[in-house]
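Given chain H, put chain G in place with the hints provided.
Those protein sequences? They're chains H and G, same order as listed. Heads up, the first sequence is in my numbering, so the first residue is 1 and it goes up one at a time. Heads up, the second sequence is in my numbering, so the first residue is 1 and it goes up one at a time.
In case anyone wonders, no lab produced these hints; they're calculated from the structure. Every residue, glycine too, gets a C-beta built ideally from N, C-alpha and C. Keep in mind that a hint or two might mislead.
Said to hold, decoys possible - Quick look at which bits of chain H chain G covers, simulated, 3 or more residues with Cβ under 8 Å:
1) 817-831
2) 836-846
As the list claims (entries may be wrong) - Among the chain H residues that face chain G by a calculated CB cut under 10 Å, a handful are:
3) A85
4) P216
5) A602
6) E604
7) E679
8) M717
9) S767
10) P774
11) G778
12) A805
13) N854
14) L867
Said to hold, decoys possible - If we take Cβ atoms under 8 Å as the criterion, some of the chain G residues that face chain H in the derived model are:
15) S434
16) L615
17) L927
Protein chains: 2
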Amino acid sequence: MGEMSFVCRFREGSAGERDLLGGKGANLCEMTRLGLPVPPGFIITSAACREYWQQGEPPGLWEEVKALVHELEQATGRKFGDPEAPLLLSVRSGAKFSMPGMMDTILNLGLNSDTTQGLARRTEERFALDCRRRFIQLFARVVLKVPAQPFEDVLSRMRQRARVETDAELGPRDLRQVVQQFEAIVGEYSPEPFPSDPWRQLRLAIEAVFKSWNNPRAIAYREHHKIPHDLCTAVTVQAMVFGNMGWDSGSGVLFTRDPATGERVLYGEYLPNAQGEDVVSGERTPKSIVEMDQDFPEISRQLAGVAQRLEQHYRDVQDIEFTIEQRRLYVLQTRTAKRTALAAVRTAVEMVDEGLIHRKEALLRVPAGELAQLLLPHLNDAAKLRAVREGRLLARGLNASPGAATGKAVFDTAAAVAMASKGEPVVLVRPETSADDIQGIVWAVGVLTARGGVTSHAAVVTRGLGKPAIVGCAALHFNHDSHQISVDGHILREGDEISLDGFSGEVFMGRIETIVPDISSETHLSRLLLWADGERRLGVRANADTPDDARHAEKFGGEGIGLCRTEHMFFAPERLPFIRRVLMNARIASELEQQVEDARRALENAGDGPARPGLEERLAVARHKLDESREWHSYRHALDRLQQYQRSDFEEILQVMQGRPVVIRLLDAPLHEFLPSYESLLKEVTLLEAQNAHSPELAEKKRLLKAARSLREQNPMLGHRGCRVGLTYPEVYDMQVRAIAEAGCQLRQRSIDARPEVMIPLVADVSELKALKPRLQGIVEEVKRQTGQNIEVHFGTMIELPRAALAAGELAPEVAFFSFGSNDLTQMTFGFSRDDAEEKFLGFYLQHGLLPANPFKTLDEKGVGRLVRMAVEEGRQANRDLEIGLCGEHGGDPASIVFCHRAGLDYVSCSPSYIPIARLAAAQAALGESVRDV
Amino acid sequence: MGEMSFVCRFREGSAGERDLLGGKGANLCEMTRLGLPVPPGFIITSAACREYWQQGEPPGLWEEVKALVHELEQATGRKFGDPEAPLLLSVRSGAKFSMPGMMDTILNLGLNSDTTQGLARRTEERFALDCRRRFIQLFARVVLKVPAQPFEDVLSRMRQRARVETDAELGPRDLRQVVQQFEAIVGEYSPEPFPSDPWRQLRLAIEAVFKSWNNPRAIAYREHHKIPHDLCTAVTVQAMVFGNMGWDSGSGVLFTRDPATGERVLYGEYLPNAQGEDVVSGERTPKSIVEMDQDFPEISRQLAGVAQRLEQHYRDVQDIEFTIEQRRLYVLQTRTAKRTALAAVRTAVEMVDEGLIHRKEALLRVPAGELAQLLLPHLNDAAKLRAVREGRLLARGLNASPGAATGKAVFDTAAAVAMASKGEPVVLVRPETSADDIQGIVWAVGVLTARGGVTSHAAVVTRGLGKPAIVGCAALHFNHDSHQISVDGHILREGDEISLDGFSGEVFMGRIETIVPDISSETHLSRLLLWADGERRLGVRANADTPDDARHAEKFGGEGIGLCRTEHMFFAPERLPFIRRVLMNARIASELEQQVEDARRALENAGDGPARPGLEERLAVARHKLDESREWHSYRHALDRLQQYQRSDFEEILQVMQGRPVVIRLLDAPLHEFLPSYESLLKEVTLLEAQNAHSPELAEKKRLLKAARSLREQNPMLGHRGCRVGLTYPEVYDMQVRAIAEAGCQLRQRSIDARPEVMIPLVADVSELKALKPRLQGIVEEVKRQTGQNIEVHFGTMIELPRAALAAGELAPEVAFFSFGSNDLTQMTFGFSRDDAEEKFLGFYLQHGLLPANPFKTLDEKGVGRLVRMAVEEGRQANRDLEIGLCGEHGGDPASIVFCHRAGLDYVSCSPSYIPIARLAAAQAALGESVRDV
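The following block holds chain H by itself, in its conformation from the complex (with noise of 0.2 Å):
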């Protein structure tokens, strides 16, 4: 390239100046470097554009144009405007970063009736007349502003004349009548005539490119994509080959493996008599490339050569663009080909096998993320298919949690609960879903709603439970009084069978069925993620509530239990009447066992000393109180029944996971979760009330109603919960914390090695640790005594809170281990309640580039990432032994893993689907790749 020149001969350029050159560009630099059959052509840079919207025009820059198009004509044997043998050039935009169908190009340009008879002469007078008109069609369109409409009409018109389907089947003289018909348009349309001079056609289709870099779409476009405007395109200048030149002609589309198995085969597709246009847009139907092999076998073997040496040279999968030219071969772009994360696997695995790439590469080669695709349930192809065809796509919403189910629909949470205790899978159907709707959440398959973003409460609560969510369907109307629901015309009613589709959005009627993924298999996946592990320093570990999910986590590969919510266990039906009771006698009963303690204390301190008379009566006047309580004896009762429910809830989880840690979590949610909905409670009673019933429905109702006002809050996320309850009603935790020692003394018995760790909920300072951990290591002491078994178990906390991490260095030394909650820290460092944020505001943020991503899905580093930092830090220099984890939604994000990594954390814990996900981002981040999901 020379110097001060604002253009570059292929053989000048090569694939890494795509700054200047636009990516096209750049390949086809390489292409013809390394000899492959590209038609010869030249480039005017990107710095030739800037100029342009500078300056104008760069001066001298159509000297060199004309200077280079000559050395075409010599090239090629042709003469641009020559009606002899006419030189026709292409002339396409093309960019650093790809911008599909943004910009504008234009093809066959040079022609005018002079040359079209020139043309028809050196080869037929239909393939001279469909370059014409194809030509006209296309710079009145993007230089003279026509509108595309009347062209496509007059095309039309003349097929229906002719009798045929396509264009292709028009013979020579309903061509002609289109190219007169075309000239008689733009005469109408244009302002100016069309200009028949092919220099004065190639000057004004320069201009036309540069100035489509900043048409509207395309500005609007590289806002979106955060593409700087001043990049600006390229211009791409070549001799046209044609693939319209006859049935011994034809253009097609490559890749070097299958894009959507990776299966090492050539894929593609091709038609003859046919420019590339056509190939793509669908008014014949191409040819799958393996005809080829009949039609063209020349070729076919040539074009398996140029793919695999594509191949080798980019070591990577190759979508390649050609065009035959009477039984010759052109190539006419190469890039990297887009694939499907099943082919992404496939294709880095065999070509490790291959020896092409390494195998750190090939950890590279595969989005992290995308591996959800792969491993959660999905709907069987086919069935969705037939669905389709079917007329059974209902709806279309926001695809906020991957996955797919099918059950039947239920609209409340009291339904869900009833038909899911039958062992009938469910999907829960809101117009909206708030705190109230966790226990039907907890017990559908999946979940739909009418309204919400993907942040919404619905979302978050189903992601975080590995199920699929689709929300913000606007198409539902909810009719409460007959229990329907209208999707434009149809009609749902309560058990009818629907399917969701988690990565889509849409929403079938009826069941289809749904295929859960095996990855413990020797697969391809399988053997990606056994090299990963022998990468990464980050450990990966489950959210897991239930012994299913600690199955699905173990086969997945999980290294442990990271977070175990004891919450959700509370939600059974049968259970839940006791965790109830134990709320509505919480207070008082707390209050009684409180004074016999202090009273026991009191004692205690006493010693012998003078007062101790008067102490033991204290201490006898606060038992005899207790035991004359009613609501003692209920909270009481209620409390053992839930113990034995939690022993053998942590008794299976333990068995599954042996011999790793499982830690988990005590009581953190808010109680009135456990509670039916406040304003559901405030509505009944005042109907009830109104109707003047005396009956004991509506006495049970106020005193539900009584205790859904008492346990109500503002903020409840900045509420009693977490281990706020865990002080202020101790017996809560004394009972999870002996569940939990019992069943590990249980299983140590039958010599079963139960690795419980007992993690501590939303602590703020050090004194709650002070004041919870001595008297929980005490109860699992006495079990060891009861029991006569030994096991260790550890005791750590949840860093959540703003205030924990700033206090971290305080924390560290009372125990083993650190766990970020980073959804909680994350609302309490910005201030933003996950559950309104998104739809109230944070939606607005994204849309408008406030936020760079949403902070409950990436970990924001400039914040909470240095909370994360300094807690990390001082945590470990205070306890050098400190386990470091983090469990929140993030744990399965790959930009936050790698970020998890940098902080020096031990592991990340996620939904037990996305733990392929974390072992390969862990990797990456392992290779020092900053590898961000798009």
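Below, chain G alone, put in the same frame as chain H:
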């Protein structure tokens, strides 16, 4: 004091040895050294007591005590246990920190039947018997653990029989019987006989004092006051002198200045023929110290000398105990006098005038927090007393916000607004308050609730507004249907007048005059505060929302307004409909405006490009849609009206504060606060619907319900407010900034130096500032152009989210000032909802010492304070000129003010009434002292 000895003679110790000698003992030593008439004695040190608790009575202690008692015998010329001239002793407890009434003391020790007879012979029989019965009574209770009641019963019967009013009037015959009966009681109740050997009496008494260090009430007291348990008590053994040795004897208490007013007069009382305990027992009414001039002129003069000597020596007001034994004066104790805030101020200032102390010392002598008593409106004392006598004291609650108020009781916000807007002062009385009551609170002069603690919503909001609040007043029973409240049989109706004493928590029926203090005149306080101003580095501004507030702030010395909350301005009944119309139409109107704005900007960017015509059309369409929208017109009209109101609000405030900065915070409240409560609407609509009413009322309620539902949030504190509203509904902030700029320019036109500053609340990321500030600055520039006035308007941001503190380095270059919103910062850092926390768990935390102080009252240095320090450091580093203040509730808390000083803030901002507190606390901080409020 001998080496390795556990005892110390009075002449050997000094005031500095409180650790070892106890406060009382150390001062006895000091007075002995000063040559004052102190009866001889010695001290058994606290080290002996500690030894006693660790290993029993220290070896050799008893021998030392005996030797020292012999020294006392020599000094007094009497002999311990000698019937001829018996020496009697007092054995008193006394620790480093005063623990009044918690430990034991024994007087008149050494009496048995022999020594009593001897004493009777030397003095008078009545006196000797009086001493004996006192000794038996005290020794039996303290050492032998005999209950107190039987002794009291004997005395009571005896007074009845003798027909006298007081024990002092009982004759020798009566007393002889009393002693006999006392001995009988001991025989009956005590497991061991009463020791007649004085030496055994002494040894048991000393041990009893040692033991009393660990009696349950002493332990509880130390726990509550955080006094270490291993300090232990000293024991003072002193020769008795007798105020009960006839009518030429007596006992009394003397303050060197009036502890209530601070006036420099001797103040105190005495009782002839009495021991010290009689003065305080209340059985006989003591005489004023002034009367001593007549009764004991010589002693009176002598006492005045002692008082002056001690005050000069200790350089502070003294509280002195004395005894007159047969016209001889003895001083038994001196200590620094407790005093009222009023007295503390006057004393400090006058002692400076007298040259006794330095100004800096004076500043440190007044606990800043106690000034509140002098600064807030209070009920007229006499009128209050009258009300009590008339039986108008209705109930008592928690004194949640100090001050006083009198007005008509109203039971909901609607009534509050209706009555208050007619100029009638109202007191809002509610079962509890929530965010829905804010309008009512804003309109009321005081708030009274039946439930909730001192950090409840009502308390916090009312305190923020500087009005009195009494909460948790459990005696109030609401009868919703009849609109009455019953209080212990009384009925309170809406419209009845009541008065609140926010200092004491007392509620009165009827009107009681309130007195508004004035510190602007030349008072002691104003002089002290001027000295404070000379010492402090920290500026003091006011949180003021109205012109009245601003005037109040000015009078109290506010150097500007640090927080002017615009949301309260919208609650006036004539304004509320407009803000509601804004909220109900904001979403749709903002979207329409956004579309116009987007189109406008795209057109601007397009320049003369080819896209221009398309974009022009887009803009025209957007403008048309906006112009056709009824919602938009309603929205715009309402905004215009609000702007007019705001402009005049700001004008008045800026005028009051001319020459000083006025920081105006743009709208920050959660939006639902401007609508009626969602719950009450839900209830009303449910009822109206149940009645099948299709009234216009129902339609209107349903419309409001819909709006309330759309503004509802799970966690409003973490919700759609502050700059999030400013970004999503830009017209609201635009309107406010325009009003501010117009107000400023208007004043400027009248040559008034207006200094408005705009504060953007709830910023989490610099992108929010970058999006908002240029837009708002543009409006200021526009107004300046339009008015031709040139004012400077600084923009700043609140730091109230952890994210903002963590990103301070990025925020600082964008703004002129930071202001810490420490209330919200505390909420987010701890994850505590201020509205709910106290009742649910924070009360428990404080009770159980899990937190050293309520973090909403005193800034949490470890967590919140760390964020503050980080933000100050990094903010200043990024912007040298950054001005930094704090405007949360902590701005009026002395301990938090000390923190702000140390963290390097420029100013604090607090309620106008708290400005003097802040001025003083800031001076104390500068003086390098950490004076904490108790």
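Evaluation of the provided hints:
no.: 1; hint: 817-831; verdict: holds (count 6)
no.: 2; hint: 836-846; verdict: holds (count 6)
no.: 3; hint: A85; verdict: violated (35 Å)
no.: 4; hint: P216; verdict: holds (5 Å)
no.: 5; hint: A602; verdict: holds (6 Å)
no.: 6; hint: E604; verdict: violated (12 Å)
no.: 7; hint: E679; verdict: holds (7 Å)
no.: 8; hint: M717; verdict: holds (4 Å)
no.: 9; hint: S767; verdict: holds (4 Å)
no.: 10; hint: P774; verdict: violated (14 Å)
no.: 11; hint: G778; verdict: violated (18 Å)
no.: 12; hint: A805; verdict: holds (9 Å)
no.: 13; hint: N854; verdict: violated (13 Å)
no.: 14; hint: L867; verdict: holds (7 Å)
no.: 15; hint: S434; verdict: holds (7 Å)
no.: 16; hint: L615; verdict: holds (7 Å)
no.: 17; hint: L927; verdict: violated (29 Å)
Consistency with the previously given hints fails for numbers 3, 6, 10, 11, 13, 17, ordered from lowest to highest.
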